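K.L.:
For the record, the sequence lines run as chains R and Z.
To convert a position in the first sequence, counted from 1, into our numbering, add 2.
To convert a position in the second sequence, counted from 1, into our numbering, add 2.
Hints were generated in silico from the structure; no laboratory data involved.
Since the structure is predicted, the reported quantities are computational estimates derived from the model, not experimental observations.
Treat each hint with caution, since some may be false.
Stated by the list, open to error - Derived list of chain R stretches under chain Z, where covered just means 3 residues or more per stretch with a C-beta under 8 Å from a C-beta of chain Z:
no. : region
1   : 97–104
2   : 117–131
3   : 151–164
Unchecked claim - Taking CB as the label site, the calculated pair distances span:
no. : chain 1 : residue 1 : chain 2 : residue 2 : range
4   : R       : Val-47    : Z       : Gly-284   : 38 to 44 Å
5   : Z       : Glu-89    : R       : Tyr-51    : 35 to 41 Å
6   : Z       : Ser-281   : R       : Thr-133   : 36 to 42 Å
Don't be surprised by glycine CBs; every beta carbon is placed ideally from N, CA and C.
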Amino acid sequence: MSSRDAVLGVLRENARASSEDIARQTDSDPETVEAIIDELEAAGVVRGYQAVIDRDQLESQPVRATVELNVTLDRETGYDDIAERIARFPQVKSLYLVSGDFDFMMEVEDESMRDVSAFISDKVAPVPEITQTVTHYVMDSYKEQGIEMGDGDEDDRLSVSP
Amino acid sequence: MKPADRVDAVPPSGIRRFFELAAEMDDVISLGVGEPDFAAPWAARDAAITSLERGRTSYTMNRGRSDLRAAIAERMADRYDLEYDPETELLVTAGASEGIDLAFRALVDPGDTVAVVQPSYVSYVPGVLFAGGEVLPVPTREEEAFKLTSERLAEAGAGDADVLVFCYPNNPTGATMTGDELQEVAAFAREHDLTVLSDEIYAALSYEHEHTSIATLPGMRERTVVFNGFSKAYAMTGLRLGYALAPPEAITAMNRIHQYTMLSAPTTAQHAGLEALSSCDGAVAEMRDQYDRRRNLVLSRFEEMGLDCFRASGAFYAFPSCPWDDAGEFAEALLEETGVAVVPGTAFGDAGEGHLRVSYATGIDDLTEALDRVERFLA
């Protein structure tokens with residue numbers, strides 16, 4: 003594994019790991035790790051660091067929805083043009099071009115169901131190339147970014163074993 | 003009721019006392035665990051569940067399901083270029099431990115000498131004694147990174163032994179041996195006509211070089227029994243599934259005992275094992291990467307806190323020198339004062355004297371906390 007991949011491996015698991023800790027885990031030194039991280043950030047490989055949150059434990063729980071979008075393209079407009087236009091809205095948390103029955107899969111977040119609905123009907127649906135939207139409100143979350151939202155399993159191993 | 007003499011002659015495991023001490027305490031972080039902290043990959047667990055749903059709850063053939071044996075033989079051919087006939091040269095066992103016990107009972111006559119490379123997994127010596135054999139310890143040394151050499155073998159008098167048993171990557175030291183390093187061991191075994199029992203249960207967890215099986219070396223396949231299994235690589239310890247690979251006469255003898263005592267390895271586990279071989283290599287690689295990171299973390303922290311430790315390169319153990327004269331006392335004090343459990347090296351034979359087995363099969367947060375506590379304890 004290259005040291006770049008090794009550093010990324012630690013960061014993807016725990017973005018808050020200190021340079022010292024990353025260095026220990028990757029058999030490197032903190033200066034090298036910091037240089038690699040600077041390089042990853044400058045090259046846009048690492049775009050940000052975010053906490054993975056169990057929203058059930060928040061006082062105000064924003065409403066999330068996954069929205070299917072169908073579009074028609076013309077000579078002047080491609081997928082990228084439409085995507086850029088939609089992605090700029092802060093309510094849009096992720097946007098993917100996907101295969102299958104629809105074109106884009108969009109994840110939206112706002113304060114209330116009314117806000118999400120208004121956003122879809124006022125901002126997204128009127129985009130001329132968008133021919134159809136199907137909104138799925140998120141009712142419960144079981145796993146976020148690879149982390150399960152349940153209580154987790156206890157370590158039931160014997161405390162000392164051969 | 004009076005136990006038989008040969009059982010009385012074997013003392014209880016030295017690990018047991020620490021288990022009991024640790025069990026009485028709260029907030030223990032254990033670095034004394036000899037098994038993965040991961041659960042088996044979901045695909046393997048799912049295959050086990052499916053087999054139960056379909057009512058696959060009967061015995062299998064004594065030797066194990068033929069599809070599983072074929073898959074294991076194929077894996078050995080792909081990975082090591084070693085051909086074993088799944089019909090006659092392969093036995094599926096209830097964990098590698100059963101296989102090792104079968105080999106002792108099937109290949110050791112009363113009075114035969116079994117050279118046991120130490121520090122060693124706790125089961126070899128009792129296994130030899132239960133089989134009526136004599137144990138010849140072959141100590142390895144920290145300054146040689148706990149590798150086995152022909153010099154150590156000769157020094158211990160292993161040339162006169164009948165059987166040689168060792169385990170690389172090693173429990174408890176974390177030592178590994180390259181193919182080159184195994185050459186002189188193989189030469190010694192050929193020269194002195196030793197049967198070799200090679201416990202390769204940690205084969206998937208070698209961090210600095212590819213694991214080499216001694217059976218791949220010239221003239222070794224015909225005198226070697228290889229033990230491997232699913233416990234460590236696939237985090238399936240509780241499913242109890244291992245296998246032994248050897249020439250037909252050894253497998254036939256081992257199966258003779260197995261068919262009367264175990265009948266067959268757990269059926270549910272065999273279904274899980276087949277799935278593990280066919281779809282869980284990615285999960286194994288991911289776990290190995292995690293162990294490797296923890297290994298680096300542990301070795302770096304030991305160095306920083308001045309705890310002398312050779313560069314362990316396999317399994318999920320480090321084997322630092324104990325800063326106190328008595329490793330047992332140290333481990334007890336560490337546990338009582340900091341709640342961190344480690345195992346004194348003497349639990350793995352006299353050659354473990356002055357050392358501690360530290361398992362890094364623990365999540366990185368707990369591991370970090372435990373290392374912080376050890377550091378404060380040493381300060």
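K.L.:
Take the hints in turn and mark each one as holding or not.
P.N.:
Status of the hints after comparison with the structure:
{"no.": "1", "hint": "97–104", "verdict": "violated (count 0)"}
{"no.": "2", "hint": "117–131", "verdict": "violated (count 0)"}
{"no.": "3", "hint": "151–164", "verdict": "holds (count 8)"}
{"no.": "4", "hint": "R:Val-47 / Z:Gly-284: 38 to 44 Å", "verdict": "violated (22 Å)"}
{"no.": "5", "hint": "Z:Glu-89 / R:Tyr-51: 35 to 41 Å", "verdict": "violated (55 Å)"}
{"no.": "6", "hint": "Z:Ser-281 / R:Thr-133: 36 to 42 Å", "verdict": "holds (40 Å)"}
Hints 1, 2, 4, 5, counting from the list given before, are not met by this structure.
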